[in-house]
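Engineer: Each chain, written out:
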Amino acid sequence: MQTKDFKVVNKSVTKIDAMSLALGKPSYVADFKPEDTLYVKMLWSPHAHARITSIDISAAEKMPGVAGVLYHGNVPRVPHCTAGQGYPEPSPYDTFMFDTKVRYVGDRVAAVAAESPEIAEAAVKAIKVEYELLEPVLSIDAALKEGAPIIHDEPDCSIPIPVPYEPEKNIVARLGMEAGDFDAGMAAADFTFDHDYETPYAQHCPMETYVAMAQMDARDRLVITSSTQVPFHTRRLLALTLQIPVRRIRVIKPRIGGAFGSKQEFLLEDVIGMFALRTRRTVFWQFDRQENFRTGRTRHPIRFRIRSGVKKDGAITAMGMDAVSNTGAYGGHGLTVIGCCGSKVLPLYHCDNIHFDTKVVYTNLPVGGAYRGFGATQAFFAVEQQMDMMAEAIGMDPIAFRQRNHIKVGESSPVFAALGEGKEGVPMTIGSCGLGECITQGADAIDWSRYTPHTEKTGRYRRGLGMCCLMQGSSVPLIDMGSAHIKMNDDGSFNLHIGATDLGTGSDTILGQIAAEQLGVGIDKMIVYSSDTDMTPFDVGAYASSTTYLSGEATRKAAEKVFNQICQVGAEMLDLPVEEVVSEDEEIRAKDGSGSVSYADIALYSLYEKNQFQIQDTASHITHKSPPPFAAHFVEIEVDTFTGHVKLLKYVATVDCGTAINPKLAEGQTEGGVMNGISYALTEEYLFDEKGKMTNASLQHYHIFSLRDKPEMKTILVPSYEDTGPFGAKSVSEICINGAAPAIGNAIYNAIGVRMYSFPFTRERVWNAMREQGFARKS
Amino acid sequence: MKLCDFVRPRSIEEARRYLHDLGPGGIPIAGGTALHFLLDEKPVTAVDITRMGLDGITEIPGGYRIGATTPLADIQAYRAERWAFHEVCRRLATHQVRNISTLGGNICRVFPWADLPVALIALNATMVIRGDHEIKMSCDEYFQSQPARLFKNGDLLVAVEVPALGPHMGFGYKKEVKTSKGFSLMTGAAVLTLKDGVVQNARVAAGGAAPFPCRLPRVEEALKGNKAESEGFKSAVASGIDNINWKGREGLTDDYAQHLAGVVLCDVLERALTFAKERS
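The listed protein sequences correspond, in order, to chains A and B. Sequence positions in the first sequence follow the numbering used here and run 1 to 779. Sequence positions in the second sequence follow the numbering used here and run 780 to 1059.
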């Protein structure tokens, strides 16, 4: 591992926005709402699958205080996607601002803008709609059944990239790859395994629900202030749906109150934009919690079949993943999420014979989207449990089995080249990997020496240890691009303008640290602004674990260019060649000690005195690889064998994110992601009635973990140095959510000898599994 | 419930007059945390009853009197001889809610997941109601159906009297939840009176998984006169709960709810036994 003597990077500086948030200063979209705002309320579909045969908005339109009503009859019909991904999008254009068909409970029917939320609500109730009910498709099996109702039967849906798209079969995407000879690998194994797994729906549950505001500025441009992870994609999609030029749109992202992937989506801006264009008024729309659950995006439920083979010596001879993902009513991130089930999971262990075959199907259920972990979360649940099964079969400790097989520095996987996002991937050799050390340190922290097989456990309450290994990526190589602009001010401070979007992660802070390190100044000299499509350079946005690695390197490159300019001007002021000066303590000094000028002097000189110009520069960056962060998670649980209740006792999360630019924030990301993962594993559950309506769409009935549920938790950062990342950094944000379900699943098996093939691990699900698998209670 | 007006009487009589005159258009309010669950959108006037001296816990002969507007956090913090009710409040909602949510608010309008009624039934509490006169009502009668029925004329619950636990008595309580702030999936409570290891008297109650908090007389009868031991508990519970229409909440099936009820009730009996042994 390469070590550096960093001054700002790798230090836990305080988040630059911490004080303003703590003091409740205006930060979020709703904080900027003027008094004369129109409020939007939506009439949502009460049916999972229906055709709108008539709609009467006349009563609503006439109500005092109503400024407008939108429905399919008075807006342009423009096929588009809502997923905020690169262009052309790897997503079907299967969505319309309003359509004559509704495809899930919570789909749009008509929108009202009014002087108050109450008036808008009343007007929504005054809209009369008649539906022709269609048979709803409420499961993967129902979607794939011969003669199943076609959810997207409209002729104008299509996909803008050359990949299979078969809406007539309810199939959104197919994706697969083969490496080596899978069948031969299975035949060569001493033990083979073939198991089905299923992962559930989940919602991101950010504190701030979806929210956006539209205004017309003095030059008749549409200004959108939105809690979005993807301001530039939003601008592009908005121009498409409203049929106006990009140049007429400005998207501002203020502080985001949490997103976790949910706001990599374009769900509000078209409606408020259309209302603003028509009324010339400020238009505000925020989902309530129920809308966030029903209409907001979710984690794709996925069904897996995992086949694998292993030799007695621990060599994995074959690994096969067949998967079917339920994307709900719209295709959005269906293709890219299922791709990451393979690309972010299968390379983790050596195996020459790999099979990957997947499809994504439409159903009349809530829509899947981007969610932290992005397919890897689902796939690791299946693969990491199967890893434990293989280890048990050959009599090898699960840790030793993983240490033997995991990918290491200098190694590659055919999966990297085969699976990209919407196209082939990029070949990659691992340049940094601290996974071995993650496993070792994590095992020590949980005291793995206590690991004993379930057969030796007795009593009502049985404890189990479980672990898993994980990887993710850092940006999407040769697709994602980030940019940064830095300019120097009179006092030697710097404006850093970045398109990257801090969604609560602290990326404004860490990008400021990266720039400060490169410039040789303290973080207090950095004024960071993100993101605004008029004022900041382009960035794809905050997703795919890209901000630190991708936008961070763009920032570092811009800072390097600015630093060179500072050195040039400083040398000129000292009347020395640039080779004869050094930077230290925010000064440019002659190497021989004959003189020095401060950064502030240099700024003033360049702005006012001689050879005037502003010291500033811009850099863009694309990545040629997606270096994985690695992690090993360990958990200790206790199962009440009378009820099936799983109690979490201790969680250890280790992570190799390269250089942690801000260790405290990296730890915070990890703890938050782990808590989210635990919640997903144990309690979060979308419950539906027989007609496809979610019945627990509130935080009262959809159970997420809070601090009071937090088990004893230890986070260990295991540094490595990724040469291609800014100051050795890789990503940290997503990987941490992937471990809880497989680690707890393995721990349940270790406690009671019962294998869980689906979750959440509720009392009843565990209890049923105990009965189905013949759990024999010993005293 | 849509609050459209707010009054703050200074005495019980003034509050009763308001509530009487307002009829269905008035609602007594203390902590107000339960309003969220009242989905009716009819406009009502809130009659604040928190400034009438109805809060606080005092010792009375044979037990404790808890004012109706005593915050749950105060009950949680209270300690005394032969008192165990604080344990129940500790497991209820969040600390923030317990700071404002009151005993009376929790038991004047009972939701299926309510915890306090279950414990009060087991503890054989007495309800003190102020109408034209002050009357005392057994918890069995009070919780026979929705208590809100008792307050239609502006009458108010002013206090709850909880008997002290005798030296050979034990109290057991258990609540199953999904997360720490979650509502009860199943709540059980029991008070056992023992003599020479034999159950002399038992009061056993359940909620959460039951349609409405209820006493379980068949379980109690099966316990009485038998040795206080695990096998006896199991058989008493097994034989005494199948007449209840157990209801699975939060995605649980009814069948599992019944299973869970059985386990929880056995657990609370064990806890009551341990409690009694430790105090004898």
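You may find that some hints are simply not true.
[To be verified] Pairs of lysine to any residue residues, derived as SDA-like cross-links and limited to a Cα-Cα distance of at most 25 angstroms, are as follows:
#1 Lys1056/B x Pro711/A
#2 Lys1026/B x Glu772/A
#3 Lys821/B x Gly65/A
#4 Lys960/B x Pro711/A
#5 Lys125/A x Arg278/A
#6 Lys557/A x Gly492/A
#7 Lys710/A x Lys960/B
#8 Lys7/A x Ala619/A
[To be verified] Computed from the model, here is a short list of chain B residues facing chain A with C-beta under 10 angstroms:
#9 Pro788
#10 Pro891
#11 Ser917
[Claimed, not checked] Quick list of simulated restraints, FRET-style, between CB atoms:
#12 Pro64/A x Pro822/B: 16 to 22 angstroms
#13 Glu820/B x Pro76/A: 33 to 39 angstroms
#14 Ser449/A x Asn878/B: 56 to 62 angstroms
#15 Glu860/B x Ser449/A: 44 to 50 angstroms
Keep in mind that the hints were calculated from the coordinates and are not lab data. Idealized CB from N, CA, C, for every residue including glycine.
Engineer: Flag every earlier hint the structure violates by its number, smallest first.
Structural biologist: 1, 9, 10, 11 and 14
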